[in-house]
Amino acid sequence: MIPLFALVSMQSEQSGGFRLWLPLFLVWLLLLPLAVLLLPVIFIICMVRQVNPLRALGLGWQVFAGLTGTHIEFEECNHSFLIRII
Amino acid sequence: MSENRRQVLEMLAAGKITADEADRLIAALEKESQVSPPPDRSESSPKGKPKYLRVVVEPEKDNQGGSKGPKVNIRVPVQLIRAGVKLGSLIPAHARDHVNDAFHRHGMQFDLSQIKPENLEELIEHLNDLTIDVDDKDIKVRVFSE
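Residue numbers (our numbering), protein chains in the order written: chain A, 5 to 90; chain B, 28 to 173.
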């Protein structure tokens, strides 16, 4: 399943911080026409590099879908940073 | 993705709950899954495939109650590792040589071409048995799968 939401949070004791929910599914919808436009370019690059374009696209999609569930959290002194992809 | 988490996201997408409420619910679900006891490694029943690789770095507390270093908590989906290794097979030969040279320069006798997708499933299966604990005087590092 592709990432649908991302949570980006940055907290600091001095300056407060923010917590941002990004609806990625809307971003993907907006980027879809761009992806269609880029498709021929990707095919040409794959042909030049002698890579099967379907395989490359399939693997790219797997990496994209594999991002779901990623969680990166970093905390030091009074600062904390979090990215969660859901 | 668990059924509970999917329901929370669906409620958020439908506007039934706010982003903050969704955040609290998901955090509670994650806490619940962390609190539940880890499966007994010694039991003979077949273990499920690992879904995530976790890297946790926990600094020791200093005398004033603060921590001696950064606290890091990273969870990487195994599916991403799997896709990444497969993607490695698309690296052109000359680029792979550059990467291997860089590994060798930094003292790592590692060859990218040795990682083959056909060996990947076996590697992922063995992640279940992998737990790395590093206990230093200032910091604790744990690498494990879940």
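I should point out that these hints are in silico values taken from the structure, not numbers from a laboratory.
Ideal placement from N, C-alpha and C gives every residue a C-beta, glycine not left out.
Keep in mind that the hints are not guaranteed to be accurate.
Label-pair ranges, simulated between beta-carbon atoms [as the list claims (entries may be wrong)]:
| no. | chain 1 | residue 1 | chain 2 | residue 2 | range |
| --- | --- | --- | --- | --- | --- |
| 1 | A | L86 | B | E148 | 44 to 54 Å |
| 2 | B | L56 | A | Q18 | 25 to 35 Å |
| 3 | B | A54 | A | F29 | 17 to 27 Å |
| 4 | B | E30 | A | E77 | 19 to 29 Å |
| 5 | A | W32 | B | M38 | 44 to 54 Å |
| 6 | B | R169 | A | L41 | 44 to 54 Å |
| 7 | B | M38 | A | Q54 | 18 to 28 Å |
| 8 | A | I46 | B | E85 | 40 to 50 Å |
| 9 | A | A39 | B | R169 | 15 to 25 Å |
| 10 | B | G96 | A | I46 | 39 to 49 Å |
| 11 | A | E77 | B | G75 | 16 to 26 Å |
| 12 | B | K95 | A | I49 | 39 to 49 Å |
Hint check results:
1. Checking the proposed 44 to 54 Å range against L86(A) and E148(B) shows it is violated: the Cβ atoms sit about 32 Å from each other.
2. For the hinted restraint 25 to 35 Å between L56(B) and Q18(A), the CB-CB distance of approximately 31 Å keeps it satisfied.
3. The beta-carbon spacing between A54(B) and F29(A), approximately 21 Å, falls within the hinted interval of 17 to 27 Å.
4. The hinted range of 19 to 29 Å is satisfied by E30(B) and E77(A), whose Cβ atoms lie roughly 24 Å apart.
5. As the Cβ distance of W32(A) to M38(B) is approximately 20 Å, the hint placing it in 44 to 54 Å is violated.
6. In this structure the supplied range 44 to 54 Å holds for R169(B) paired with L41(A), their Cβ-Cβ distance being about 45 Å.
7. The supplied range of 18 to 28 Å is broken by M38(B) and Q54(A), whose beta-carbon atoms lie about 48 Å from each other.
8. Distance hint for I46(A) and E85(B): a CB-CB separation of about 43 Å, consistent with the stated range 40 to 50 Å.
9. Checking the proposed 15 to 25 Å range against A39(A) and R169(B) shows it is violated: the Cβ atoms sit about 39 Å from each other.
10. At roughly 43 Å, the beta-carbon separation of G96(B) and I46(A) lies within the given 39 to 49 Å, and the hint holds.
11. Restraint check, E77(A) to G75(B): a C-beta distance of roughly 25 Å satisfies the suggested window 16 to 26 Å.
12. Our hint of 39 to 49 Å for K95(B) and I49(A) holds, since their Cβ atoms are close to 48 Å apart.
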